[in-house]
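S.K.: Start from the sequences and build out the full structure, keeping to the hints where you can.
The working numbering applies: residue 245 is where the sequence shown begins, and numbers increase by one.
There's no promise every hint is true.
[Stated by the list, open to error] Label-pair distances were calculated between CB atoms; the ranges are:
| id | residue 1 | residue 2 | range |
| --- | --- | --- | --- |
| 1 | Q403 | A258 | 18 to 24 Å |
| 2 | T263 | S286 | 28 to 34 Å |
| 3 | L304 | R404 | 30 to 36 Å |
| 4 | N309 | N341 | 20 to 26 Å |
| 5 | T270 | R305 | 28 to 34 Å |
| 6 | A388 | D265 | 20 to 26 Å |
[As the list claims (entries may be wrong)] Taking lysine to any residue pairs in the SDA-like style, the calculated list, with each CA pair at most 25 Å apart, reads:
| id | residue 1 | residue 2 |
| --- | --- | --- |
| 7 | K353 | E324 |
| 8 | K262 | R352 |
| 9 | K313 | D382 |
| 10 | K364 | V386 |
| 11 | K353 | Q283 |
| 12 | K313 | I361 |
| 13 | K313 | S393 |
Just so you know, the hints here were simulated from the structure itself, not pulled from any lab data. Backbone N, C-alpha and C define an ideal beta-carbon position, used for all residues, glycine too.
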Amino acid sequence: MVEAHLEKGLSMGALILKTGDLFTSTAPALMQGVNVDGQMWSGIAPTFRDRFPMMHDMYLRICANQTFKPGQFFYWPPIENRTAVFNLASQDRRGANARLEWLEESLRKALDHADEIHFKTVAMPRIGCGVGGLDWADVEPVVAALAQSHQCDVEVWTQRRFGIGPRK
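M.R.: Now the structure itself:
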């Protein structure tokens, strides 16, 4: 896939690892992993819910009518806080049941869309690795490969814990 990207003369995105508060990123879009059950009550999701209340209302509606499925994404344009949000359906219900294949599929589709609308950078937490239960050692190579096969850079933010740096 990377070779095909180069043949088309397109630049490749990069995986950029950062430590700190995801919401300080200057990227035009943020990403988060979500379930398709309409639950945004743990992990980083409550912060997204509180910062983007109109997005949260739409998320509840699409979950209620069961049109949002694992492996899809729900895009919210930059009408709140001047930031777009990609909600990646990595879980079919709340709790530690994210699946790497759902995360990969939804991230691929979201990055395709980010390329189409000419975003240069997107930012996310260690997606799927908190409440979702995935291991960053499994997720990181997937995110890195997808970043390289797209035009936009992918910032992955690790929150500092108790002032001692990123959690392993």
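S.K.: Against each hint, give a clear statement of whether it holds in the structure.
M.R.: Verification of the supplied hints:
no.	hint	result
1	Q403 - A258: 18 to 24 Å	holds, 21 Å
2	T263 - S286: 28 to 34 Å	violated, 22 Å
3	L304 - R404: 30 to 36 Å	holds, 31 Å
4	N309 - N341: 20 to 26 Å	holds, 22 Å
5	T270 - R305: 28 to 34 Å	holds, 30 Å
6	A388 - D265: 20 to 26 Å	holds, 22 Å
7	K353 - E324	holds, 22 Å
8	K262 - R352	holds, 21 Å
9	K313 - D382	holds, 22 Å
10	K364 - V386	holds, 19 Å
11	K353 - Q283	holds, 22 Å
12	K313 - I361	holds, 23 Å
13	K313 - S393	holds, 24 Å
This entry does not satisfy hint 2, going by the numbered hints stated previously; all others are met.
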